[in-house]
Amino acid sequence: MTKALTLALSLVSAPAWADWQINMNEGVTALSREIFDLHMLIFWICVVIGVAVFGVMFYSIFKFRKSKGAVSEHWHENTTVEVVWTVIPSIILIAMAIPATATLMDMYDTSEADVEIQVTGYQWKWRYQYLDEDIDYFSNLATPREEIANEASKNPNYLLEVDNPLVIPANKKVRFLITSNDVIHSWWVPNFAVKKDAIPGFINESWVKVEQPGVYRGQCTELCGKEHGFMPVVVEVKAEADYEQWVADQKAIKLAMAGEASKEFSMDELIAQGEGVYKMACAGCHQPNGQGIPGAFPAITGSTIATGEMDTHIDIIVNGKSGTAMQAFKEQLSAVDIAAVVTYQRNALGNSVGDFIQPSAIQK
Amino acid sequence: MATVDVDLPHVKDEDPHHHGPAKGLGRWLYTTNHKDIGSMYLIFSLCMFMIGGTMALIIRAELFQPGLQLVEPNFFNQMTTMHGLIMVFGAVMPAFVGLANWMIPMQVGAPDMALPRMNNWSFWILPFAFLILLSSLFMPGGAPNFGWTFYAPLSTTYAPESVTFFIFGVHIMGASSIMGAINIIATILNMRAPGMTLLKMPLFVWTWLITAFLLIAVMPVLAGVVTMMLMDIHFGTSFFNAAGGGDPVLFQHVFWFFGHPEVYIMILPAFGIISEIIPTFARKRLFGYASMVYAVASIALLSFVVWAHHMFTVGMPLVGEVFFMFATMLIAVPTGVKVFNWVATMFRGSLTFETPMLFALAFVVLFTIGGFSGLMLAIAPADFQYHDTYFVVAHFHYVLVPGAIFSIMAATYYWLPKWTGHQLNETMGKIHFWLSFVGVNITFFPMHFVGLAGMPRRIPDYALQFADFNSMASVGAFIFGFSQLVFIYNVIQNVRVGEKATAQVWEGAQGLEWTLPSPAPYHTFSTPPEVK
Amino acid sequence: MAVQNEKQTKRLAVRLATAAVVMFGFGFALVPLYDVLCDITGLNGKNFNQGPTQIAVVDGSRTVKVQFITVNPANMPWSFEPTERSIRVSPGEDRQTVFYAKNPTSKWMVAQAVPSVTPSEAAPYLHKVNCFCFERQPLEAGADTEMPLLFVVDPELPEYISTITLSYALYDLTSEQKITQVKPSKDKGRVSL
Amino acid sequence: MIGRCFKALASVICAFIGVQSARNWRYDSERGSATVFVIAGILMTIIFLAGIYGLVQVVMIYVQYSG
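Protein chains in written order, with the working numbering: chain A, 1 to 364; chain B, 1001 to 1532; chain C, 2001 to 2193; chain D, 3001 to 3067.
What the hints contain is simulated information worked out from the structure, not anything from laboratory work.
Warning: the hint list may mix true and false statements.
[As the list claims (entries may be wrong)] Below 25 Å or equal to it, Euclidean Cα-Cα: the simulated PhoX-like pairs (lysine-lysine) are:
(1) Lys1430/B <-> Lys68/A
(2) Lys209/A <-> Lys2065/C
(3) Lys2107/C <-> Lys172/A
(4) Lys2102/C <-> Lys330/A
(5) Lys321/A <-> Lys2102/C
(6) Lys251/A <-> Lys173/A
(7) Lys1430/B <-> Lys63/A
(8) Lys321/A <-> Lys2065/C
Put together the whole structure using the sequences plus the hints.
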């Protein structure tokens, strides 16, 4: 038996990512610290009761052994003792419930928010829409597939990194309006102690006020299908001025994107950009080699749409196909990205139709 | 447990001209004997425990290291779903029904169950229900992959085609449980031997009587929710589809209205078993027998009013959230306090530590740890950090594996000599216990840590900071998994050739079943015993 | 088994079986029960108080910010936004706003908007006098339209609520539409089961 | 009759706390018919729920004003 144990322990300590966090994150907001205190309070109450109960139990296990000549007594009832050991825990719990109610009421108070952001859960990514500004973008997993498939070494933020994190100002009350596009997701950032289910057809709300700028990571916490473990939440908290600067930058980028849509691209430029877009948006289902998964996701190679009429090819990407897992990418990809990925799908992955499309010809 | 001094006329054997069991397969197919049906339930439960356990090992093998090594995410979700379904409906509940079938007639002095033919039928539809469920693993689109709690709309609009097989499987399992419950209530209420008043019934019988009422009240609601799913998927209704005016949160309310009493269905019989075993090996009567019965009854009744503590983050109004927090904390008291009764039974007793007692003691310690993490989960604001993380996985595995599974193991070691007439090997029993004890703790204790650190549930791959505790949990899972083979070998080897068991078997054992010879004859108590 | 026992057992078994069937019915009764509960507590932001209301008194002392957001679930290709992001309303006052919808696809489609209010405690106090979410909204290929919403905020709205967010999820019901009937059904915003 | 109902209610309350003496229990099991206990149980559950709802309101008001 001991040999197996030493082998098991050596196996465990082999990898170098020793990170032995054993307790809840204390978090960076007043609320998360309150919750952490409640957690530790109920924890210590349980430890005290546990020590008492197991103390008596182990004492009787060692003291009243038959092998040591113990003879069992014949009493088997004492209601007063029972009443005492029932009423005391009840009182402790009632006392415990009052601070818990106070914290819960703070968590539900979403009045006077400075910034309001609509968080929409999609099958396997998050969408952030800033209600006051005209900013609206998707946040996809940025961990390369090679790391997930163990073909490359894993970076420290493995599975907790996205291409466009959510950006919020520090020391400002940010209100989240959380809903979903398809199935139930749950938006959670452990350091904020904010977790709310995103339910299709209904709206939920939560709020946070972060003092310390920084990057805070979380994950979707409600089973939502195949890539449930691969749709992280990354929130970048910037100081007030940096946030204003970021908002201005976003507006500038939006203008540039609009301008770029009218530019003319060569076929090779489109194919090059198309490959990146394909890897990020399409490979999840149609597979990196374009073969798809028979019975679940159709192949791109030799597909009647990808090698057929250009307009139908564009229409299925822009508007998706209702009733299937094929999403409408109209809001997720810019006109340039759509033109690039259409050209890539028609002239790569085993297809060579030879035609291509300019971003300006794509009307969204 | 009330002392029972039995004045049994010394009948050598049951009337000799009585026919023994039929021969061959027909014996098992057409049997209406509560002992045969009990054995079939237990063997079926062991097979399901092995299948469910293998799925758990696949899950833990994938989670041994970060990165996808073994299975792709969709199959991983199928494994978690099927592991949950098979362990809950296939391993734990049939095992308890099997123990009830074997022991209740003998403990209340009844010749057999009240409705023998229905008893046979309620067993024989179970293998087919699980055949339907397991066959969905080989269908296009794969087995159900939406978790054992099958939340809509993932389980309705976004489900694989095999969801319909899952629905019919659950229907049949529900029917089997309801029929079993009717049978048990009828046997306990109508067929007790004269003199065996409710006052003197062993606690295993009492907890099963209350569990049976819970089953009858709650399994139909599960059948209702699965039927609503069926109508949503095939007949165009919109119970849970927001597009047609339905509401996915309605699903969660109806499911957990069934769900919470279901978790009490899975633990009350375990309370009964432990309350039989500890007095035997402490050689002291159970402390506060009446309080135990009253508390179990009130737990069953109050389990209907706390379901929404499974949904604290779904976005309930504040009043609802505070109400369910208060209700959950209050009903945790009568449940938790029962542990004090067992400890008081041991206090000033005269203890010996055979294998059943070891499992019972491990139950008391580890189930209480599960109970404490349950109490922490009841604090609604803190639940926003615990909900759907590995902290919850650790909680319910602590109350189910060292809880329900250890009590089933303890019951088997305790009563098997009475069933087969042969003792199980004591050293092999102790090896099985210590391996399981070590395995369970190495597997599930680290889950508390990764859960608190922020690892969500039901994910096939995780961030690097959770790597070390996950690999430890996976090693523990394989230790626990393979130690069950020691148990199986012990049972197979000793069922026929083990050391001969006396009628009394355990020195401190009391109850009608110990007045029967070991092995218990095919028909027992044909003439009801006179119980003083 | 004594005969008397057998009759007793049969009676008990039948009673327990009917109890099971009653509980099966109770499972289904939970659906309307849930709607009643939602109506009272505004659970999940659903509200059913539709149609003209007799609220005459206007509480000028405070204003409430009513915010509009839209969601296009499950591959809904229409573009669908509120024309006004949010408006300040004093409780008791009838207000109107308009939602813009466009069907960019090449075929006739019909959609159903599903409302939801947050905070859920405010749901019982938001009266929708007339709303495009009462009926299904058909749109020809490439057509667009302006959909009205007439609402009033009940003066009894609790003091601590200062912002009400009304969200609409626009669902595509074209596939179901062909089965039932072409003319949009006149029901009260809910497709009956 | 009233005495018996009151006794039933009393023992249901004890059940909720999870404590009962063998003496009362023997008394209950001989006299009380099952239906009386079931009704008492359901009645007590409703009172228990109303009690918690009241407690919730009190605690929320208390918390709101104590800031």
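Please flag the earlier hints that this structure goes against, numbers listed from lowest up.
3, 8
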